[in-house]
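Protein chains in written order, with the working numbering: chain A, 1 to 94; chain B, 1 to 206.
Just so you know, the hints here were simulated from the structure itself, not pulled from any lab data. Just to be clear, a hint being listed does not mean it is correct.
[To be verified] Cβ-to-Cβ under 7 Å is the rule here; a few derived chain B residues that face chain A: (1) Phe27; (2) Ser41; (3) Ala45; (4) Pro48; (5) His49; (6) Val64; (7) Leu75; (8) Leu79; (9) Gln85; (10) Leu186; (11) Val193; (12) Phe197; (13) Pro200; (14) Leu204.
For glycine and all other residues, C-beta sits at the position ideal for the given N, C-alpha and C.
Letter by letter, the chains look like this.
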Amino acid sequence: MQEEHAHVVPYATFVKVWACLLMLTFILVVVSRMFHEALSVWAMLTITPLKAGLVFYYFMHLKYEGPLLKAMVFVALATLVVFIGMLFFDISSR
Amino acid sequence: MSAGVAHTPAAHSDYQGAKIGMWLFLFTEIILFGGLFILYSAYRAKYPHEFHHGGAELDYVIGVANTAILLTSSLSMALSITAVQRGEKRLAMIMLALTVLLGAAFLMNKYFEWGAKIAHGIYPNGPELMKRSAGEGLFFGLYFAMTGLHGLHVAGGVVLLSIMLVYLAKDRIRKGDHVKLENAGLYWHLVDVIWIFLLPLFYLAA
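Sequences are here, hints too, so could you generate the full structure?
What follows is the structure, given as structure tokens:
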């Protein structure tokens, strides 16, 4: 059997993660509708990656994967972040 | 390579290899949408006010409703995989069917949303949009391109998950052999992640 070592995530874990995701969405919407632009940009830059991280870590089982897959995902995302960082560096120095 | 190597069975399956292959595909998707996010950021920096006005014209309630729909579909997808791993086929099928229905509901909302904008002449080269400034043209151009590409991914996911539902019914996906469902789930979750970023970029841009 190939998959004996595949981790079985309990139902309750997923339901809790889902509740967190909905709550974070609610906070993001409230902050971006009610508060000043600077705060809403910061909320977007922190809450959105946090939500994506929760989906990657729990729903996509990354938490239960080995170091190889974790490293691969890290390198791919880091590459994208470097390019986005270079873009903002370019824009801010114009 | 030839001498002394034990024969592998014909129905060889490589659980880890299959998942790594799926992730490699997902990386290409991340870079595909990442490029569009970079394009969006560059134009938003150049036309902050126009993007602000464009965002104000989108109905954030629809955007947030679609977020809740996709997040819930991700939950039912993940629950379906746990159910298969536990050998609870009936629950797995119900959860997967729910995922498909929620995906279809998302596309339905998108259809009405796009339809309303197009009816008002707001679409690339549309009569109303042509009267506006270049910055607003770019905002709505990116809106249609990015939510459109994402919508195609949702439609593809709905078809893929429907096929998985048939596999599940025919026991081609079962306890101990569920990597197909897991990989389809990875794809579905990534589509959800992309939407998580699209929500603040377009609907909460005002």
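Tested hints:
With a least beta-carbon distance of about 4 Å to chain A, the hint placing Phe27/B at the interface is held under the 7 Å criterion. Annotation: interface hint on Ser41/B holds; nearest CB of chain A at approximately 6 Å, less than 7 Å. A hinted interface residue such as Ala45/B counts as satisfied when its beta carbon comes closer than 7 Å to some beta carbon of chain A; here the least separation is about 5 Å, so the hint holds. This hint is violated: Pro48/B has a C-beta 10 Å from the nearest C-beta of chain A, more than the 7 Å allowed.
Contact between His49/B and chain A, as hinted, is not supported at the beta carbon level, the nearest pair being about 12 Å apart and thus beyond 7 Å. Among the interface hints, the one on Val64/B holds; its C-beta lies about 6 Å from the nearest C-beta in chain A, closer than the 7 Å criterion. At about 4 Å, the closest approach between the beta carbon of Leu75/B and any beta carbon in chain A falls short of 7 Å, and the interface hint on this residue holds. Taken as an interface hint, Leu79/B checks out: its beta carbon lies about 6 Å from the nearest beta carbon of chain A, inside 7 Å.
Here the hint on Gln85/B is kept, as its CB sits about 5 Å from the closest CB of chain A, short of 7 Å. Taken as an interface hint, Leu186/B checks out: its beta carbon lies about 6 Å from the nearest beta carbon of chain A, inside 7 Å. Annotation: interface hint on Val193/B holds; nearest CB of chain A at approximately 5 Å, less than 7 Å. Here the hint on Phe197/B is kept, as its CB sits about 6 Å from the closest CB of chain A, short of 7 Å.
The interface hint given for Pro200/B holds, since its Cβ lies 4 Å from the closest Cβ of chain A, which is under the 7 Å cut-off. Using the Cβ-Cβ criterion of 7 Å, the hint placing Leu204/B at the interface with chain A is satisfied: the shortest such distance is roughly 4 Å.
The structure is inconsistent with the numbered hints 4 and 5, although it conforms to all the rest.
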